[in-house]
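Assemble chain L onto chain U, guided by the hints.
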Amino acid sequence: NAGVTQTPKFQVLKTGQSMTLQCAQDMNHNSMYWYRQDPGMGLRLIYYSASEGTTDKGEVPNGYNVSRLNKREFSLRLESAAPSQTSVYFCASRKQGDTEAFFGQGTRLTVV
Amino acid sequence: AQRVTQPEKLLSVFKGAPVELKCNYSYSGSPELFWYVQYSRQRLQLLLRHISRESIKGFTADLNKGETSFHLKKPFAQEEDSAMYYCALRAYNTDKLIFGTGTRLQVFP
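Residue numbers (this note's numbering), protein chains in the order written: chain U, 1 to 112; chain L, 1001 to 1109.
Think of the hints as simulated: they come from the structure by calculation, not from any bench. Watch out, some of these pointers could steer you wrong.
Below, computed lysine to any residue pairings styled on SDA-like, alpha-carbon distance capped at 20 Å [as the list claims (entries may be wrong)]:
hint : chain 1 : residue 1 : chain 2 : residue 2
1    : L       : 1096      : L       : 1047
2    : L       : 1009      : L       : 1091
3    : L       : 1096      : U       : 60
4    : U       : 57        : U       : 96
5    : L       : 1022      : L       : 1071
6    : L       : 1022      : L       : 1007
7    : U       : 9         : L       : 1039
8    : L       : 1096      : U       : 44
9    : L       : 1073      : L       : 1049
10   : U       : 57        : U       : 37
11   : U       : 57        : L       : 1003
12   : U       : 57        : L       : 1095
13   : L       : 1096      : U       : 68
14   : L       : 1096      : U       : 65
15   : U       : 9         : L       : 1045
16   : L       : 1009      : U       : 88
17   : U       : 71        : U       : 50
18   : L       : 1096      : U       : 52
19   : U       : 57        : U       : 78
20   : U       : 95        : U       : 69
21   : U       : 95        : L       : 1091
22   : L       : 1073      : L       : 1014
23   : L       : 1096      : U       : 51
24   : L       : 1015      : L       : 1106
25   : U       : 71        : L       : 1096
26   : L       : 1096      : U       : 62
27   : U       : 14        : U       : 108
Just a sample of chain L residues kept apart from chain U, beta carbon distances all over 10 Å, derived [unchecked claim]:
hint : residue
28   : 1012
29   : 1029
30   : 1040
31   : 1045
32   : 1049
33   : 1053
34   : 1056
35   : 1060
36   : 1067
37   : 1071
38   : 1078
39   : 1082
40   : 1083
C-beta: ideal position from N, C-alpha, C; glycine also.
Extracted from the complex, chain L is given alone in its bound form:
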């Protein structure tokens, strides 16, 4: 069965500090991993996907198959990064898309 775990409900940092939001998954096959973000009063939207190996808004995430992790990182947090972040998994070649419990990131000035 597919499962996504985000161990932190809340992460609070000061502006300029590094940020790491943890995500672990369990799935025996080939997963596609994503990070979605929900800013206050906005719709949930895709932040980045592992297959793109891209950096969006300074965030990066590397898929580590050995540790079954897909942690989201940013070297210097900004106040506008404050939001709810969800890690998500889709089994390759299926339509089932599941999410973790989410981590609220608060960036203080």
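Chain U extracted, bound-state conformation:
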């Protein structure tokens, strides 16, 4: 039982490059989330998904897209990376009806 797994753990991108951050959970959870963590800003919600096939914008969705193709996986895409997107990205999942969210180990992204 791996919980929430994020890939990659580290990534360096050049400005303008694109990439997809992957997140998978094996706990049969309905809800999944993407956050970014920045010093002094805390955790900010980018997008979330209540169930397979549905997604909603969070607090800071600009510059990002997401896909929830199945119950297990929720990916975050940066189409044209910018230095302002340098951050640590966290994926989380939660069982419907439960209150606790489980987090991945994070992806440290640097855009140069």
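Frame of chain U, contents of chain L only:
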């Protein structure tokens, strides 16, 4: 709109001293409030939730709807309590879960 405010970026205390990490929220409906903790090199994890009214690792938090606060307290801090603490809010019956800016707690020996 939902909002969570943690006014202190850093809180430093000595071992054995009382600790209070402040959290205020704004939400017009019924919120669910949580405290999450991130120890060094570990994943973010749930510490406690207001609906459980539990004490975890000596920490307690009471939801005060009048003051819209959910402060985290511990009477005697331990060195192993040093970590980043986040207050979080989920609007009742929704999936949107938002966090505050976090407070780093340092407990000195």
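Given hint residue 50 (chain U) paired with residue 71 (chain U) - CA-CA distance at most 20 Å: Given that 20 Å is the threshold and the Cα spacing comes to 10 Å, the pair holds.
Can you confirm whether the C-alpha distance between residue 57 (chain U) and residue 96 (chain U) stays at or below 20 Å? With Cα atoms ~19 Å apart, residue 57 (chain U) and residue 96 (chain U) stay inside 20 Å; holds.
For residue 9 (chain U) and residue 1039 (chain L), compute the direct alpha-carbon distance and say whether it is at most 20 Å. holds (18 Å)
Is the straight-line distance between the alpha-carbon of residue 57 (chain U) and that of residue 78 (chain U) 20 Å or less? Distance of about 15 Å is within 20 Å: holds.
Below or equal to 20 Å on CA atoms is what counts here, so check residue 1022 (chain L) against residue 1007 (chain L). With a Cα-Cα distance of about 7 Å, the restraint between residue 1022 (chain L) and residue 1007 (chain L) holds, given a limit of 20 Å.
Checking one constraint from the list: CA of residue 1073 (chain L) to CA of residue 1014 (chain L), max 20 Å. Satisfied? Between residue 1073 (chain L) and residue 1014 (chain L) the Cα gap is close to 15 Å, so the pair holds against 20 Å.
Between residue 1096 (chain L) and residue 52 (chain U), is the straight-line Cα distance small enough, at 20 Å or below? Satisfied, since the Cα-Cα distance of roughly 15 Å is no more than 20 Å.
Verdict on residue 1040 (chain L) as a residue remote from chain U, using beta-carbon distances over 10 Å: holds (13 Å)
Residue 95 (chain U) and residue 69 (chain U): Cα distance at most 20 Å? With Cα atoms ~18 Å apart, residue 95 (chain U) and residue 69 (chain U) stay inside 20 Å; holds.
Checking one constraint from the list: CA of residue 1096 (chain L) to CA of residue 51 (chain U), max 20 Å. Satisfied? Given pair residue 1096 (chain L), residue 51 (chain U) holds - Cα atoms ~12 Å apart, limit 20 Å.
Assertion that residue 1029 (chain L) lies farther than 10 Å from chain U (Cβ): Given a closest Cβ separation of 16 Å, the condition holds.
Consistency of the no-contact label for residue 1053 (chain L), given chain U and a CB cut of 10 Å: holds (13 Å)
Hint violations for this structure: numbers 2, 31 and 32, all remaining hints satisfied.
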